[in-house]
Amino acid sequence: NAGVTQTPKFQVLKTGQSMTLQCAQDMNHNSMYWYRQDPGMGLRLIYYSASEGTTDKGEVPNGYNVSRLNKREFSLRLESAAPSQTSVYFCASSPNRGYTEAFFGQGTRLTVV
Amino acid sequence: KNQVEQSPQSLIILEGKNCTLQCNYTVSPFSNLRWYKQDTGRGPVSLTIMTFSENTKSNGRYTATLDADTKQSSLHITASQLSDSASYICVVIGGGGNKLTFGTGTQLKVEL
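Here the protein sequences come in this chain order: D and Z.
According to the working numbering, the first sequence holds residues 194 to 306 in order.
According to the working numbering, the second sequence holds residues 161 to 272 in order.
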């Protein structure tokens with residue numbers, strides 16, 4: 194039972210470099226999300242995709258872009274990484290947005306130096 | 161502003177003891193409330209979900225309560241085990257558009 198799979202698990206970037214975080218779910222969920230988790234703060238929503246073909250900004254979208262490639266996959270791209278983007282990133286999915294339970298991936302620990 | 165506050169920030173208890181974690185929220189309108197367990201280096205995993213009409217819900221040794229009038233929830237852990245060591249996160253769904261508002265979590269450590 195894979196659930197939500199994120200790659201990579203760890204990454205170190207230099208300031209200004211770009212990278213894409215990959216996320217895939219095998220539960221046939223409509224909605225997918227990207228969060229970041231920082232010390233002393235609750236998870237914050239970066240972007241979400243309520244359904245295939247749609248994406249919307251969350252609470253902290255600046256510096257990020259997303260692509261809902263198909264129903265299974267939702268990627269997060271950092272075009273020009275900054276130290277402020279050092280964080281743990283979580284992808285999640287749910288059958289639909291809101292009431293239904295969200296399932297989280299294992300997280301990607303990103304360090305920007 | 162929609163907020164979720166949890167207390168205590170951290171807690172250390174001996175194995176076999178009980179503990180209660182608190183969650184206060186200001187999210188409105190309210191849809192439901194969830195408690196998640198997050199092990200170190202892992203993603204959060206749902207423990208319980210509480211809707212407006214539910215006062216108490218149990219999941220094994222975990223019992224969640226909800227008082228929608230005072231906007232408070234608690235998570236009671238009975239007969240704690242070493243494997244209960246984790247961060248427990250309160251999440252409130254609502255605030256228009258069914259947004260998820262996360263608390264900062266209570267870091268629980270269970271010791272021998």
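Simulated from the structure, these hints should not be mistaken for lab results.
We treat Cβ as the ideally placed atom computed from N, Cα and C, and that holds for glycine.
Warning: the hint list may mix true and false statements.
[As the list claims (entries may be wrong)] Derived CB-CB ranges, DEER-like: (1) D/Asp249 <-> Z/Thr180: 32 to 40 Å; (2) Z/Pro189 <-> D/Ser277: 16 to 24 Å; (3) D/Gly256 <-> Z/Ile173: 20 to 28 Å; (4) Z/Thr211 <-> D/Gly196: 19 to 27 Å; (5) D/Ser273 <-> Z/Ser188: 23 to 31 Å; (6) Z/Pro189 <-> D/Glu252: 12 to 20 Å; (7) Z/Ala239 <-> D/Phe203: 22 to 30 Å.
[As the list claims (entries may be wrong)] Some chain D residues well away from chain Z (every beta-carbon gap over 12 Å; in silico): (8) Gln230; (9) Asn255; (10) Glu294.
Evaluated hints:
Remark: the range hint 32 to 40 Å for D/Asp249 to Z/Thr180 is upheld by a beta-carbon distance near 37 Å. In this structure the supplied range 16 to 24 Å is violated for Z/Pro189 paired with D/Ser277, their Cβ-Cβ distance being about 33 Å. Between D/Gly256 and Z/Ile173, the C-beta spacing of about 40 Å breaks the proposed range 20 to 28 Å. Hint check: Z/Thr211 to D/Gly196, Cβ distance near 24 Å, so the stated range 19 to 27 Å holds.
At about 38 Å, the beta-carbon gap between D/Ser273 and Z/Ser188 misses the expected band of 23 to 31 Å. Restraint check, Z/Pro189 to D/Glu252: a C-beta distance of roughly 18 Å satisfies the suggested window 12 to 20 Å. For the hinted restraint 22 to 30 Å between Z/Ala239 and D/Phe203, the CB-CB distance of approximately 36 Å leaves it violated. In this structure D/Gln230 is not separated from chain Z by more than 12 Å, as the shortest Cβ-Cβ distance comes to only about 9 Å.
Non-interface status of D/Asn255 relative to chain Z is upheld: no Cβ of that chain comes within 12 Å, the nearest being about 18 Å off. The Cβ of D/Glu294 does not lie farther than 12 Å from every Cβ of chain Z; its closest approach is about 5 Å, which violates its non-interface assignment.
In the structure shown, a violation is registered for the earlier hints numbered 2, 3, 5, 7, 8, 10, in ascending order.
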